[in-house]
Amino acid sequence: MGSLHHIIKTLKLEVTLTKIKAHSGNTFNEIADALAKSGRFELSATSIAHNHIPTQTATLLWDDKIPLDKDVRKCVDKIISYKRIDNHLNHQELSDIQQATKRNMINWALTAKWLNHNTYGPSTSTSHSKDVTWKIKTSTNTLSTLDILN
Numbered sequence: 001m002g003s004l005h006h007i008i009k010t011l012k013l014e015v016t017l018t019k020i021k022a023h024s025g026n027t028f029n030e031i032a033d034a035l036a037k038s039g040r041f042e043l044s045a046t047s048i049a050h051n052h053i054p055t056q057t058a059t060l061l062w063d064d065k066i067p068l069d070k071d072v073r074k075c076v077d078k079i080i081s082y083k084r085i086d087n088h089l090n091h092q093e094l095s096d097i098q099q100a101t102k103r104n105m106i107n108w109a110l111t112a113k114w115l116n117h118n119t120y121g122p123s124t125s126t127s128h129s130k131d132v133t134w135k136i137k138t139s140t141n142t143l144s145t146l147d148i149l150n
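Just so you know, the sequence shown maps onto residues 1 to 150 in our numbering.
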């Protein structure tokens with residue numbers, strides 16, 4: 001967003017955003033939809049040369065391709081979160097869940113509600129944490145033998 005803001009400011013552009021109802025027959029919206037759809041299949045993303053922006057003292061690149069011109073902590077946190085999810089789902093102990101996910105057999109929205117359901121008060125309570133841990137271990141068949149026997 002920083003790059004776009006700089007371009008708008010430097011060129012003294014007046015930008016007006018107007019909400020257009022989807023599929024309303026608006027000619028320019030239809031053109032934008034067609035461009036967006038065709039862009040999905042492009043192998044390379046559109047990029048802006050960040051090294052010419054005087055207010056940008058440094059630009060971090062992810063994988064030498066994607067400039068992080070937003071809050072770097074949030075960007076990196078999001079990337080790390082996706083990496084953790086990927087590592088978790090690809091763990092050999094969870095191959096059954098991975099296969100069920102690929103076959104759309106798991107309703108993840110409902111699963112998230114079930115995991116986050118809290119009957120213990122504050123979300124930081126020890127009881128709630130133990131409950132969530134038990135739910136996860138139960139659903140992934142990773143409970144210890146003694147817990148299963150009880």
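Simulated from the structure, these hints should not be mistaken for lab results.
Any given hint could be a false lead.
[To be verified] Below, simulated BS3-like cross-link-like pairs (lysine-lysine); rule was C-alpha separation at most 30 Å, straight line:
1. Lys-78 <-> Lys-65
2. Lys-65 <-> Lys-113
3. Lys-74 <-> Lys-113
4. Lys-9 <-> Lys-21
Need the status of pair Lys-65, Lys-113: alpha-carbon distance at most 30 Å?
Given that 30 Å is the threshold and the Cα spacing comes to 36 Å, the pair is violated.
Run the distance test for Lys-74 versus Lys-113: straight-line Cα separation, threshold 30 Å.
24 Å, holds
Verify the proposed pairing of Lys-78 with Lys-65, using a straight-line Cα cut of 30 Å.
This hinted pair holds, its Cα atoms lying about 17 Å apart.
For the pair we were handed, Lys-9 and Lys-21, check the Cα-Cα distance against 30 Å.
28 Å, holds
Consistency with the previously given hints fails for number 2 only.
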